[in-house]
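Taken in order, these protein sequences are the chains called A and B. For the first sequence, our numbering assigns the number 1 to the initial residue and increments by one for each residue that follows. For the second sequence, our numbering assigns the number 1 to the initial residue and increments by one for each residue that follows.
Among the clues, some could well be false.
Here are a few chain A residues that sit away from chain B, every Cβ distance over 10 Å (derived from the structure) [to be verified]:
id, residue
1, 1
2, 9
3, 26
4, 41
5, 295
6, 341
7, 357
Partner residues aside, some chain B positions facing chain A, computed with beta carbon under 10 Å [what the hints assert, rightly or not]:
id, residue
8, 153
9, 211
10, 213
11, 238
12, 239
13, 359
Label pairs and their calculated CB-CB ranges [what the hints assert, rightly or not]:
id, chain 1, residue 1, chain 2, residue 2, range
14, B, 277, A, 157, 28 to 36 Å
15, A, 165, B, 439, 32 to 40 Å
16, B, 360, A, 17, 31 to 39 Å
17, A, 144, B, 388, 34 to 42 Å
18, A, 197, B, 276, 21 to 29 Å
19, A, 31, B, 429, 16 to 24 Å
20, A, 239, B, 3, 20 to 28 Å
No lab work stands behind these hints: they were computed from the structure. Each residue gets a CB set at the ideal place from its N, CA and C atoms; glycine is no exception.
Now for the letters of each chain:
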Amino acid sequence: MPQSPFTILTPVLEEHEAALTELLRGIGDKVMEDRELGLSTLDRLHYASFSIVRGDDGPLLVFEGNIDGSTAAFLEHLLGTSPDGVDAVYRHCADYPALADGDRDATLSYLLSSDIGADTFFVAWPGQSLDMIRREELLRRWIQDFLDRPEQAALRQEDPVEVHRAVVKAVRDDPSVRWALEAEPLPFHVRRPRTVLALLAVPALAGLVSVVVAAVRPGPARRPVRLVLGALGVAAAGAVVRLRAAERADDQHEASRPTDWETVYAAWSKNLGQFRHREDTKGQNHLSSIADVKPGLFRLLTLRSVLAAIRAVATLSTVRGQLGGITSIHFARWVITPDRRLIFLSNFDGSWENYLGDFVDLAARGLTAVWTNTHNDVGFPHTTWLIEQGARDEARFKAFARYGMVPTLLWYSAYPQLSVANISNNRAIREGLRLPESVGGPEFWLRRL
Amino acid sequence: MSTIERADIQGFVLSGYAAMHEARYVFLEVADPAGARRWLGELASRVTTAIAPERVRCINVALTCRGLAALGLGEAQLSTFAPPFQEGMTTPYRRRVLGDVGPSAPDTWAWGGPSASGGTVPEDRVPEDRVPEDRVPEDRVHVLLLLFARDLDAMEPLLEAELSLATADGAFRHVHTLRPEPLPGRLSVGKFGVEHFGFADGMSQPVIRGSGQDGKLAGEEARRHVAATGEFVLGYPNGYGELTPSPWLPGPDGTKIDVGRNGTYLVVRQLKQDVHGFRELVRAHAGAAGSDPDAEARLAAKLVGRWYSGAPLARTPHRDDADLATDNAFGYAEVDPYGERCPIGAHIRRANPRDSIAPERARALELTNLHRILRRGRVYGPELPDDATDDDLVERGLIFMCISANLERQFEFVQQTWCNNPKFSNLYEEQDPLLGTPPPEGGLFTVQGSPIATRVRGLTNFVTVRGGAYFFLPGVRALLTLTTAT
C-alpha cells in the first residue's frame, strides 16, 4: 500500500492561538493514551504532528500526517472515529464547519481543500504499511525468543542451514506467525529499482539520440532542432549567470547586516528550551521548521526545481532507507506554503545533533541547494554555485536550522521503538525466512538475528 | 595557523601529566568577587602552559559558567559561550542527552547536582527531595583548581600553599576536593594504567594536529588518529576546516574581545564503578556457559572490546595476547563487519567506532574523527582485591575528564549517539554495557556469533555518575581578560 503525506494548513482564529497551543500540548503530553483525537488507535497512521507557524495574515495551524493509502480515506476515517477531538482542535481555526453542526462533507472538504501536500516527500520504505511493520517486529521477537530458549541450545552447534530450517518449521507450526511464510511483496519500483530505471532510460536515451541525430544529419529538422538546442543552451547559461548574481547579492546583503549572525543566534538561543521540552524523550525525534523563500521569482523557481529533482531521486533511488546517505529518516517532506515559506517536517531516529551532523557530513550539497533559496534572521551560510559551501559551514548551518525550528506541539509516532534500520532488518528477516538466498543465504540471515 | 600557541595554552590540554603521580582537583566557590578576580589574575602567571613539561608540579585552572557569573560577568557576556556550558549538566534535556537518569540522576550527586535553591535551571523544575545533606550543589562549584605533583612530598606543600592563597582574605571558599589514586597504580604491560574493572585503559587517544605528536604518524595511522587542532583548542581550524564559535566579550566601540582562543571546554564526571556487580555478572553468565576456564575473561572482553591486557578483540578474538596490548592500529570494517570478534555494542566499539560508521572506510574515519575527545581521567578509590567474594561497599571509580572544543558535537555526541543509543549501528535495545543505565529488569548485551548471536541479559548499573560539571579551560591571556572584564 502506498504512503501519502498531508499537510493541512489552516488559519488560526485571532486570540485563539494560546488556547490551541495549550490544547495540543496537553494532548501531546499523553499522546499514546489520548482518546479524544485517538491518534494511537488509527491503524494507517505512521506519524503525525501539529505545530503553529507564522503566516502573512497571522498564525497557521499545520497538521502533518504520514499515512497508508489516500488522504481522503484517512480523514474520512478520522472524522468518524474522533469527531469531538477534531472539532476541539479545529474550532480554533477560521471558517471551520464543525462536525457537531452535522455537515460532515463540509468538514471533510474543509480539511481536504486546506491540504497542501508535499513538494518533496520521502519515505524510507515505500509500500511498507504500518501493519506490516508491526507484524514483522513481532516476528523478529518471536524468532529471537525461539532461538534463545534453553531447549534450542543444541542449535548453536548446527549448520546455519539447519538452524534456518528449524526456525521455518517452528514458524509454520505456530498459527500466530505462520503468515510470515507467505509472500507480501513491496511495490515493484522498490523491489526492482534498476529495472524501473532501465525502462525509463530506454525512451530517454532514444529521444536524446534522435535529437542529436536530427541536429547533425542534413535534413529539414536540422535547423529547428539546432535552434531549440541553442535556445536551451542560452537559457541554461542565463540561469547560471542569474544564480551567481543572486549569490553575490546575498553576499552583499550579508556584509551589510547590522548585527552578525553569531550575536543574533546567541541572543535567541535562550529559546532552545521550548524545542527541547520533548526532544530525546524517546529514540526518535520530530523536526518542524520554516524559513522564508528569498524574494523574487528566480529563487522560487530554483527552489521548486531543486525539490522536484530531489523528489525524482527519492522516488527512483536504487538504495532504499536513505536520503542522500542519511539513514535515519522515516518520513520527511518539504512543502512551499502559499505565502512563500518553506516548511520542512521530518520524523527521524536519534538526536538532533546527530541528524544535523548527518546533514552537514553526508548531504550538504543537496540541502544547500534547497535552503540556500531561503533565509531567516541567522541567514543561510555563504553559498556558491547553488551547492557549494553552504551547509558545509557547520556552526552557522546548525544555527540557521535551530533558529528556523517551530515547536512541535503534538507529535505521534506509531513505532517509537523501531529505527529505520530495524524496520529494514525485520523486513529482511521475514523475506529470508521464505527465501534465505534473498539475504545472502542462511548464514547471513542468522546474522540479522 | 599551523603552529599551536603553546605559551598561551594550559598544559592539561596537551598532556595528562603522567609523570605527576599525585593529583588534587580542588573546587572553589567565589566568596568575594574582587578578591577572586585578583587571585585568578595572579594565578595566571603560575599556570602551567603547554610550552614545556614540568618536572615537579603543575597548576591548571578551569571555571564553570556559574563561576564566571560569580566573578561578575553578566548574562550578555556569557551568552556566547557554548550552550551546554551555559546551561550546565543537570537540566532535564542534558540528563537525557547524557543518560544521567535513574541512579545516575544529578539529584543525588556528591557535587555538581542541582541546588536546593534551584539556581537558574531554564526548563521545568527538578525534584528536590532525596538531596543528600553534605553535597556540593552546582551553584557552589565555581572554579576548579587542578593541582599535580611528582609525589606526595611535592603535593602537600603545593596544595597547602594554593589553598591558602585562594582562601586568603575570603576570596574563595574551599568546597570540595577530589583525590585520585596516585599513579602509576596497577599497570598493564608496564605502560598503561588499569581501571577498576581490571582493564588497561587510555591506549587510544586522538593526536592533535600541530602538537608535534602527529609528525610521528603517517598514512593509515595518521588518518585513524590525527584530529584537527580546532577539535580540542578554540581558535584553530576544526574538523570541517572552520573555526568553532568562540566565546567573546563585547569590547569598546562594538569590537569583540575573543576569550576563547587557546582555550577549550573540560568535562569532569565522577563515575562510580560497581566492580563486584561486574564480576558477578561475568561469573554468572560464564558459569552458565559450561566449564570453559577462560569463559569469564572472554565474556568480560566481549563487553569491553579489549582483553584485560588491553589487546583488542578485533585483533585477537580468541585469547588475550599481551604483545597486542598497545596495538591501536585496528579497524572493524574489514576484519569484523558483523561483530563476531568485537561485538557491535562493546564499550570500545561504541565509544570509538573507527572505520565502521560509513560504507567507505576512509570516509568513515573522517566522520568518526569529528566526534573525538581527549581523555584525561584518573582512577579513584582502592582496588577491590581479585579474590574478594563480597562487595566491600567502598566507593571506587574513575574521575573522568575529557577535553573537546565543541561539547555538543564531541563529548555529548559520543555519550548520546554512540554509547547510550539503543539503536547504535542497527542494534535494537541495548546501551553501552558499562556506561548505560539498564532497565530495572536488567540490561541486554548481544554477543554476535556463528551460527547465532548470544544475548546476555541481566546487566546491572555498573557505572553510576556521582558528580559532574562543564568547565571552561581558558588560554592564559583570556584568563587575564576574564579577570579584568566588567
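Hint by hint, here is what the structure shows:
With a least CB separation of 25 Å from chain B, residue 1 (chain A) remains clear of the 10 Å interface cut-off, as annotated. With a least beta-carbon separation of about 30 Å from chain B, residue 9 (chain A) lies farther than 10 Å from that chain, consistent with its non-interface assignment. With a least CB separation of 15 Å from chain B, residue 26 (chain A) remains clear of the 10 Å interface cut-off, as annotated. Residue-level check passed: residue 41 (chain A) sits 25 Å from the nearest beta carbon of chain B, beyond 10 Å.
Its beta-carbon lying about 29 Å from the closest one in chain B, residue 295 (chain A) satisfies the requirement of being farther than 10 Å from that chain. At roughly 26 Å, the least C-beta separation between residue 341 (chain A) and chain B is larger than 10 Å, which holds for a residue marked as non-interface. The non-interface label for residue 357 (chain A) is inconsistent with chain B: the shortest C-beta to C-beta separation is roughly 7 Å, within 10 Å. Nearest Cβ of chain A to the Cβ of residue 153 (chain B): about 46 Å, over the 10 Å cut. The hint is violated.
With its C-beta approaching chain A no nearer than about 23 Å, residue 211 (chain B) sits outside the 10 Å limit, and its interface hint is violated. At its closest, the beta carbon of residue 213 (chain B) sits 25 Å from a beta carbon of chain A; the interface hint therefore is violated under the 10 Å criterion. Restraint check, residue 238 (chain B) versus chain A: the minimum CB separation of about 8 Å is within 10 Å; hint holds. Checking residue 239 (chain B) against chain A: minimum C-beta separation of about 9 Å stays under 10 Å; hint holds.
For the restraint placing residue 359 (chain B) at the interface with chain A, the shortest Cβ-Cβ distance is roughly 9 Å, inside the 10 Å limit, so the hint holds. For the pair residue 277 (chain B) and residue 157 (chain A), the supplied restraint of 28 to 36 Å holds, since their beta-carbon distance comes to about 32 Å. Distance hint check for residue 165 (chain A) and residue 439 (chain B): the Cβ-Cβ separation is about 34 Å, which falls inside the suggested range of 32 to 40 Å. Distance hint check for residue 360 (chain B) and residue 17 (chain A): the Cβ-Cβ separation is about 48 Å, which falls outside the suggested range of 31 to 39 Å.
For residue 144 (chain A) and residue 388 (chain B), the hinted distance range of 34 to 42 Å is satisfied, since their beta carbons lie about 36 Å from each other. Between residue 197 (chain A) and residue 276 (chain B) the beta carbons are some 60 Å apart, a value that contradicts the proposed interval 21 to 29 Å. The beta-carbon spacing between residue 31 (chain A) and residue 429 (chain B), approximately 21 Å, falls within the hinted interval of 16 to 24 Å. In this structure, residue 239 (chain A) and residue 3 (chain B) break the distance hint of 20 to 28 Å, their C-beta atoms being roughly 45 Å apart.
In this structure, the earlier hints numbered 7, 8, 9, 10, 16, 18, 20 are contradicted, and the remaining ones agree with it.
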